[in-house]
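> Chain residues, written in single-letter form:
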Amino acid sequence: MIEASTVPEFAATTLAPRQRSMILRRLVAHRSFQIGFFLVGVLAIAAVLGPMLTNTKPSAMHISHRFSPPQAKFLFGTDMFGRDIFTRVLYGARVSLWVGFAVAAIAGVFGTTLGVLAAQFRSLEGAIMRLMDALMSFPAILLALGITAALGPSMNSVIIALSVAYVPPGVRIVRASALVVRELDYVQAALIAGARAPRIMLRHILPNSIGPLLVHLSFVFAYAILAEAALSFLGVGVQPPTPSWGNIIAEGRDYALQAWWIVLFPGIGISLATIGLNLLGDGLRDVLDPKLKG
Amino acid sequence: MPVTSETSVEVRDLTMSFGSGGAGRRPTMVQVLHDLTFDIGSAETLGLVGESGSGKSTVGRILVGLLKPTGGSVRLFGRSVTGADRAANFAAVRSRVQFVFQDPHAALNPRIRVGHSIAEPIDIAGKHSRRDRDDRVRQLLELVGLPRDSADRFPHEFSGGQRQRIVIARALSLSPDFVVCDEPVSALDVSMQAQIVNLLMDLQDRFGLSYLFIAHDMTVVRAIARRVAVMYAGSIVEIARNADLYADPLHPYTRALLDAMPRPDPTRIRPRTIPGEVPSLLAPPSGCRFHTRCPHVMPRCRDESPRLLEIAPGRQVACHLFTAAETTEP
Amino acid sequence: MPADALVSIRDLTVQFRTDRGWVSAIEDISLDINAGECLGVVGESGSGKSVTALSILRLHARGTARAARGSIMLDGRDLLRAPERDLRRVRGGDIAMVFQDPMSSLNPVLTIADQISESLRLHQGLSRAEGRSRAIELLDLVRIADAPRRADEYPHRLSGGMRQRVMIAIAIACRPRLLIADEPTTALDVTIQAQILELLRDLRAELGMAVMMISHDLGVIAEFAHRVVVMYAGRIVEQAPVGTLFSAPRHPYTEGLMTSLRGRDIPGQRLGSIPGRVPDPDESIPGCRFGPRCAHVEAVCRAAVPALVSISENHDVRCTPRSQALAPACL
Amino acid sequence: MTPAIRLILIKLLQAVPVVLIVSILAFLVLNLLPGDPAVIIAGDQATPAAIEAVRHSLGLDRPFIVQLGIWFLHIVHGNFGNSLVLNQTVASAMLQRLPVTLSLAGLSLAITLPIGIGLGSLAAYYRGSWIDSSVMTVALVGVSVPSFWVAGLAVALFSVVLGWFPSSGYVPFAQNPAQWLRALLLPSIILSLFEIGFLSRMTRSAMLDVFGQDFIRTARSKGISEWRIVSKHAFRNALVMVITATGILLSAAIGGSVVIEQVFALPGVGRLVVEGILARDYPLVQGVMLIYGLTFVLINLIVDLAYSFADPRVRYD
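Chains as they are written, first to last, in this note's numbering: chain H, 101 to 394; chain Z, 1001 to 1330; chain Y, 2 to 332; chain X, -4 to 312.
These are calculated hints, taken from the structure and not from any lab test. This one's a predicted model, so the numbers in the text were calculated from it and none came from an experiment. Warning: the hint list may mix true and false statements.
To be verified - Okay, the calculated bits of chain H under chain Z, using three or more residues with CB under 8 Å as the criterion:
#1 276 to 286
#2 291 to 298
To be verified - Here are a few chain X residues that sit away from chain Y, every Cβ distance over 10 Å (derived from the structure):
#3 L4
#4 P58
#5 F67
#6 L79
#7 G101
#8 F153
#9 W159
#10 F160
#11 S162
#12 L234
#13 I238
#14 L300
#15 A305
Using N, Cα and C, we set each Cβ at its ideal position, and we do this for glycine too.
Can you make the complete structure from the sequences, with help from the hints?
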């Protein structure tokens, strides 16, 4: 057994000042990330607190106030049934953000699992990657259309459909970075010490190959919000009377000229959410992948 | 402490081939090691020098079980790790064999505190309680000359030389008897190199470690190795005791390497170096693989590959200049 | 400024943008490169030797570095303040550069001939065909066999040593008066390194250009340089003719480097080492930046930043105790 | 066999399993997912007998393997099954509608490529300046704003209020090229907004990536002008990325056309799919998905090969 009985002659080496969590500090200082975080944060809070911020229901019809332009009582105006657009947009935010978040989370879990498995086990690699290639051959929105058609239109169908569409790129990203990490010396060191596949994957490969996936997921979150809105707009997504940003716009479409506010505000909601998430993703990318920093 | 046999490592006729070629190419086998034979004694340092493509790193990786050789045998502490019971025998000696990497930046997981990195071999072996383990980590840090509170830090907070100390601490965590050092100082600044080489020598003296010290820099090897093996294009061309090799290199390639080494002496007039480059593994030259660059090339060198022969006690050379002498003067 | 100085750097301070603001990578660098001479610049990582070299041609990545102080004079013009257009004529024309990593320094999607002839066509107005035949001549000059065939190949087909020869061919294409070689052999194998050094030495004699050889390797410097500048942590700590520097180094850091190399001749003997580590550029150290690692540190070293003092003809040292002991008493 | 031909053959071979998986996936999507197409088609109030009738008419009561066999038979025949509603094969319905979608996607790609690459290069070249931030803001808005929403607003403004463009309808190119362009210009531009944003962001980061490489410093050390460095040294390296992006853009254009065709009432394939889904014409949806899937296997193959040939490192080895 090796023991340190004496301190070697050159023990005097000094350490540099502590540098805690550089990644977090850089993120906090990053302009895009700040703006993105603010936008997404405000929308998320509005979505969570939604029912508390309004004194009416999204489906409540104020028949005497149909097509009211924005005013003190109806901040964003009312629609053809006299429903309060502000309330509907708030409730729509709950649907849209939830769909986006759920899709990103599912894509993240499956992307990570399949990606790491494909990188670690050659026997699985071919099957997983060909399946992903095949899924990626369908334009995402078309695949989602087909799946929602099969499952019947509903919010959960949309989540499942978009998850299937957005898992494959995540798998590719994780696999690619895992393949790089797998060859690094610290993984070799663990192999020399006799580490088995689970330890290698969970402790070494996973934490070090997840950065690019996080960046990707913030963009998936944004794409999913856009896609949910598009599907709902086409009538195959979230079904009325449940308000989503997409179906509010679809319903208001025919009145765009006389009651512009019906389509304007949910559109702004979608735009702000996706802008925020894209900025968040840009910030993450700059910090986690400094090579691409602009 | 386990009983050590006289030799830590016995390598016989070791060969290694890799499949090469990806999409669009016919797979071909590329032979990177040709019939290597050498021993490393207990508490001995064998220096292994050569340029890139010589196969020296492959040797190191085979000895710690990262690569499986395609031919020949390797015995570690008397156990064969290339035969039928490869896995079982390797498991038995795993804790006695360790590795120190070239690039201290890639050798440590950036997301794990260095204390945990150092303790990883202990965790995998699963022998210690948490408390023992933490004590051991502090002990190891002290041993390699780092402050005890280093354990809670992350690798990015350390300089290159300090990270190499951490890598050495990890290599020592299970009290190994044999350590492969793969270019352990070539990524470091000159002033750091001396610190790390001294540390390795101290550790050897205290714990009786055997080293395979792989390097391209012959001056570092000169300081630390007892014997030196020189590799060229996958073969050992010369093995000799340190003092003999540097004083009187026999193989033309060894001489060329020594001549080409820059020295901190402005008065020295360096002889012109050999022409050409290390041959491609995909199309190795016939006969002696050094003949394309050798200043003493003879017709025989182009056809016949020289064998590594003992021409004096502890001194082996693979060159027809010496096999010729042997056959004409028996 | 000496009459025969080709390039004259004075009080150069260059700073880099970091998370914590602008940080000085080099401070108060003053040195001359004389026409036809071979100046060695030696130092470890973080010494600022490459930063100094890149500053001469202002080749730092845009927006990341700034010259806070100083001047770099060539033919009576300050390169630090010259307009970009004028500087472009100097780059590749009067002053050319060879970089450390030959694998990444050549453009992977352009042919060798294209990359060599580019500066000829730009600076000397050669046609495409003329450029190509000049490129082949240059490949011959840097001793690449089968030059006409190699000229039409892409870099990935060449070995590291050959690529570094191509880099040299690019650099000498317009017969520069100064060639800056930034660790040109570090990435190469020992025998190839020797070949490249021989090539550079021959070309220097043939073309009569000055060479600024930057290296971390005292051996390379000893073999190649006439005069040596030693840098540590962003400052010049000593400069002297090569014979003087290696036989009588005066700065404790230079001494430390020499002993750490020389002890290697004796097997098993502990090497002389310099304790500690190179400080980060933004680490604040009072007085001499080598102080924390110096065996001879005194109170005066911590009191003030030592000045670069001439202790004999052509021999300057930045060490307060040493220069007080050794400087000629003619003040 | 030259390396180039061998490369093409190998890529073709690699595509075979993908083609198979694509065709099975297109089948499975509507046949294996938990929803019962017969129930959905027959409607909520349908009697069990009615559902059974639907199931029989679709062949859903046959064993799974038989259904799959029939599916492959349709593919091999090239008619991709029969539409339930349109009284024609999926292939002929698709052929009828394809010119509209291709015109739309092609036009938008023609708008996107020069503008996207140009803006991205410009932003990279002037990184950190006001040009960079303005371009990137525009690009960000492009990838963030929902196209159907912008389309709605644009129709209101340009078609209804200003009367510059027709708000809907399509004129075949062969019939009247000017009218064709007039009908497609606004939808194409709107379709391009996302693509331009996407491409310019991608071009910028690829160019910046290249700018950071050592060989750019070599080029600068030769005294080459910044413009030449961008247009020659950087762009040729970034080209590899642009080729990859084109495949993604085409996919985005086809996907986006589904929504845009709906807003502008263009009789393209996207509209066909949506009509198919709303009319519960499952074979139609399946058939279109399959054809698109196979098309993109082919496009990805072409992109992959183009990518290999743009890079001498791949081309020669």
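> Hints first: check each against the structure and report whether it holds.
Now the hints, each set against the structure:
1. 276 to 286: It holds: at least three residues are needed, and the segment 276 to 286 of chain H offers 3 whose Cβ sits within less than 8 Å of chain Z.
2. 291 to 298: holds (count 5)
3. L4: holds (23 Å)
4. P58: At roughly 55 Å from the nearest Cβ of chain Y, X:P58 sits farther out than 10 Å, so the non-interface label holds.
5. F67: holds (44 Å)
6. L79: X:L79 is indeed farther than 10 Å from all Cβ atoms of chain Y, at 53 Å.
7. G101: holds (28 Å)
8. F153: holds (41 Å)
9. W159: holds (43 Å)
10. F160: holds (42 Å)
11. S162: Per Cβ check, X:S162 is outside 10 Å of chain Y; nearest 47 Å; holds.
12. L234: violated (8 Å)
13. I238: X:I238 is indeed farther than 10 Å from all Cβ atoms of chain Y, at 13 Å.
14. L300: X:L300 clear of chain Y: closest Cβ-Cβ about 17 Å, beyond 10 Å.
15. A305: violated (8 Å)
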